[in-house]
Amino acid sequence: MIQLVQVGKRFGQRWAVQDLTCSVEPGEVLGFLGPNGAGKSTTMRIVTGYMPPTTGSVRVAGVDALDDPVRLKSRVGYLPETPPIYGEMTVRGYLLFVAEMRRVPRHRRRRHVDEVMERTGIADVADRLAGRLSRGYKQRVGMAAALVGEPPVLVLDEPTAGMDPRQIIEMRQLIRSLAGRHTILLSSHILPEVASTCHRVLIINKGRLVAQDTPDNLSARLGGRRQLRLEVRGSRQALEAALAEVSGIAGIRWPSEPGHEGTTVAELDLDPVATDGQAAGDVREAIFFALASRGLPILEMRSLDRSLEDVFLELVTHEDLESAAKA
Amino acid sequence: MAVFAIFKRELKSYLVSPLAYAAGVVFLAISGYFFSVILLATRVADLRPYFLNLGVILLLVTPLLTMRSLAEERQSHTDELLMTLPATAAQIVVGKYLAVLALYAGMLALTAVYPALLYWLSDPPAGPIVSSYVGALLLGGTFLAVGVFTSSLTDSQMVAGLLCFGLILLMWVINWLAFAMTGPIADAARQLAVFERFDDFTKGLIDSTHVLFYVSAIAILLFLSVRSLERRTWM
Numbered sequence: 319m320i321q322l323v324q325v326g327k328r329f330g331q332r333w334a335v336q337d338l339t340c341s342v343e344p345g346e347v348l349g350f351l352g353p354n355g356a357g358k359s360t361t362m363r364i365v366t367g368y369m370p371p372t373t374g375s376v377r378v379a380g381v382d383a384l385d386d387p388v389r390l391k392s393r394v395g396y397l398p399e400t401p402p403i404y405g406e407m408t409v410r411g412y413l414l415f416v417a418e419m420r421r422v423p424r425h426r427r428r429r430h431v432d433e434v435m436e437r438t439g440i441a442d443v444a445d446r447l448a449g450r451l452s453r454g455y456k457q458r459v460g461m462a463a464a465l466v467g468e469p470p471v472l473v474l475d476e477p478t479a480g481m482d483p484r485q486i487i488e489m490r491q492l493i494r495s496l497a498g499r500h501t502i503l504l505s506s507h508i509l510p511e512v513a514s515t516c517h518r519v520l521i522i523n524k525g526r527l528v529a530q531d532t533p534d535n536l537s538a539r540l541g542g543r544r545q546l547r548l549e550v551r552g553s554r555q556a557l558e559a560a561l562a563e564v565s566g567i568a569g570i571r572w573p574s575e576p577g578h579e580g581t582t583v584a585e586l587d588l589d590p591v592a593t594d595g596q597a598a599g600d601v602r603e604a605i606f607f608a609l610a611s612r613g614l615p616i617l618e619m620r621s622l623d624r625s626l627e628d629v630f631l632e633l634v635t636h637e638d639l640e641s642a643a644k645a
Numbered sequence: 008m009a010v011f012a013i014f015k016r017e018l019k020s021y022l023v024s025p026l027a028y029a030a031g032v033v034f035l036a037i038s039g040y041f042f043s044v045i046l047l048a049t050r051v052a053d054l055r056p057y058f059l060n061l062g063v064i065l066l067l068v069t070p071l072l073t074m075r076s077l078a079e080e081r082q083s084h085t086d087e088l089l090m091t092l093p094a095t096a097a098q099i100v101v102g103k104y105l106a107v108l109a110l111y112a113g114m115l116a117l118t119a120v121y122p123a124l125l126y127w128l129s130d131p132p133a134g135p136i137v138s139s140y141v142g143a144l145l146l147g148g149t150f151l152a153v154g155v156f157t158s159s160l161t162d163s164q165m166v167a168g169l170l171c172f173g174l175i176l177l178m179w180v181i182n183w184l185a186f187a188m189t190g191p192i193a194d195a196a197r198q199l200a201v202f203e204r205f206d207d208f209t210k211g212l213i214d215s216t217h218v219l220f221y222v223s224a225i226a227i228l229l230f231l232s233v234r235s236l237e238r239r240t241w242m
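As you go down the protein sequences, you meet chains X and H in turn.
Heads up, the first sequence is in our numbering, so the first residue is 319 and it goes up one at a time.
Heads up, the second sequence is in our numbering, so the first residue is 8 and it goes up one at a time.
In case anyone wonders, no lab produced these hints; they're calculated from the structure.
Given the structure is predicted, the values throughout are model-derived calculations rather than measurements.
C-beta atoms are modelled at their ideal positions from N, C-alpha and C, and glycine is treated no differently.
Errors might be hidden in some of the hints.
[Stated by the list, open to error] Among the chain H residues that face chain X by a calculated CB cut under 10 angstroms, a handful are: (1) ILE13; (2) VAL23; (3) SER24; (4) TYR28; (5) MET90; (6) ALA94.
[Claimed, not checked] Pair ranges (Cβ atoms, derived): (7) THR372(X) to GLN82(H): 23 to 29 angstroms; (8) PRO370(X) to ALA36(H): 45 to 51 angstroms; (9) THR189(H) to PRO370(X): 27 to 33 angstroms; (10) VAL23(H) to SER452(X): 17 to 23 angstroms; (11) GLU406(X) to ASP214(H): 40 to 46 angstroms.
Pulled out of the complex, with its shape left as it was, chain X reads as follows (with noise of 0.2 angstroms):
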């Protein structure tokens, strides 16, 4: 459905993307994940047609970008990193321009923006103001004129940027029913977004591809170091005296932060969890009776979750090493 090969982004020196070939199928929803500046918007806005490649070849949906501009355009939605409202006009007046633009047959136009004012929950705000609405609101009217006319492929810039907890989680659930009906790009920078709305994942750095995978693979290849936070009712000295006996540790830092009073915090780095996935359990069990025989209580233990940043980090470094080794 969308095909990129070889695609490469120059603005004036620099490239902002570079030799990226992916492809994504009918139906998948398709996750990008990369930090600020690693080319997420600008490979998003070459696919929607706003700005053509430098190098390299981009079709969607049977359409080449240099060919017919116009055309591709007719069949992709996008919601950019900033949503793209016209204050002065009503929600429902934005999204019936929105509707004509992309030739949404008069008689239908308002049933149609309606249905889809309704999809997205911004029902009660339709004749309000658009610039008047709150970050989270105009996320959602901004998803909104990216669905109007239905378009067969959907390009998502941090759909959920600016929300609040639930509001979140409703995008994410719009966002998983879409999957089928349309072909979806989006972009985060946020890890368990991706694993739980995307099939498979392209991590991009410096413009260029780094990893594409299932979100499962990737974070089985990502988490061979696991992380735990530990807090026990004790002293530092008596718990670091009972996790030595404890084997599969990689690693402790004492974080300095204010914790109750008579007790310790530790954050653990575990070894290299075997192909299996059992170890990480059996350390934590190893840790629970460890502590458990010393009479030191645990009040909290926990998987760190993994933030962009440390996988991305380690998918980083791990490319340099490979390099340097090569070298």
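Knowing the structure of chain X, use the given hints to seat chain H on it.
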């Protein structure tokens, strides 16, 4: 279709913006003042002196009307919507231009009170009045195209407005070169003088070369706007 949708949206957005009303008020207030003072001073039922002063008002008002046209889209990120909807840059520019032209035509239509007043007082010849209005539409249309063009060059409405003002002023005084020089430069300057051509319209003359001049000036400026709009996404 796309042009019409953009035209409608743009015109509606003008009609809810204080800027359009402020520009309208300034235009009509100064127009009314010129008209009344000239009428009272000369006691002649003639619109020509009024139209000869129209340039000053347009110099002031057109940058205000057009500075937001394309610059604001960039500023508020709505260009990302507009440029990813199925429409060409040409359709966007033409739709936007026609909207601001319609607004200006509306303001000009309100000045029809003056000839109506003259007909009530006296019986001036209709020819020069009609031709003056045609000329005013072409002259204003050219200035508005200048404004749309300068608005396509920058994200800043201020810069767009200032450039527009500067270009119009330059078009006004360019024929001074004709006095300062001789030869091809002087000839070219005389050709470019937008107000000299307008003068003929106020005399009751609709010269097809003048019409062609204004229409081609508008076409060239809009073409340049399209190119500038396309080029910004290429960089």
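Structure-based check of all given hints:
Satisfaction of the interface hint for ILE13(H) is found here, the shortest Cβ-Cβ separation to chain X being roughly 8 angstroms, below the 10 angstroms cut-off. Hint on VAL23(H) holds. Least Cβ distance to chain X is approximately 5 angstroms, under the 10 angstroms limit. A distance limit of 10 angstroms between C-beta atoms decides the matter here; for SER24(H) the minimum to chain X is near 7 angstroms, and the interface restraint holds. A hinted interface residue such as TYR28(H) counts as satisfied when its beta carbon comes closer than 10 angstroms to some beta carbon of chain X; here the least separation is about 13 angstroms, so the hint is violated.
Taken as an interface hint, MET90(H) checks out: its beta carbon lies about 5 angstroms from the nearest beta carbon of chain X, inside 10 angstroms. Taking 10 angstroms as the C-beta contact cut-off toward chain X, the hint placing ALA94(H) at the interface holds, the least distance being around 6 angstroms. Taking the beta carbon of each, THR372(X) and GLN82(H) are about 26 angstroms apart, inside 23 to 29 angstroms as hinted. At roughly 47 angstroms, the beta carbons of PRO370(X) and ALA36(H) sit within the given window of 45 to 51 angstroms.
THR189(H) and PRO370(X) have their C-beta atoms about 48 angstroms apart, which leaves the hinted 27 to 33 angstroms range violated. Between VAL23(H) and SER452(X) the CB atoms are about 21 angstroms apart, so this pair conforms to the stated range of 17 to 23 angstroms. Checked against the hint of 40 to 46 angstroms, the C-beta distance between GLU406(X) and ASP214(H) comes to roughly 41 angstroms, which is consistent with it.
Taken one by one, the earlier hints fail for this structure at numbers 4, 9, listed in ascending order.
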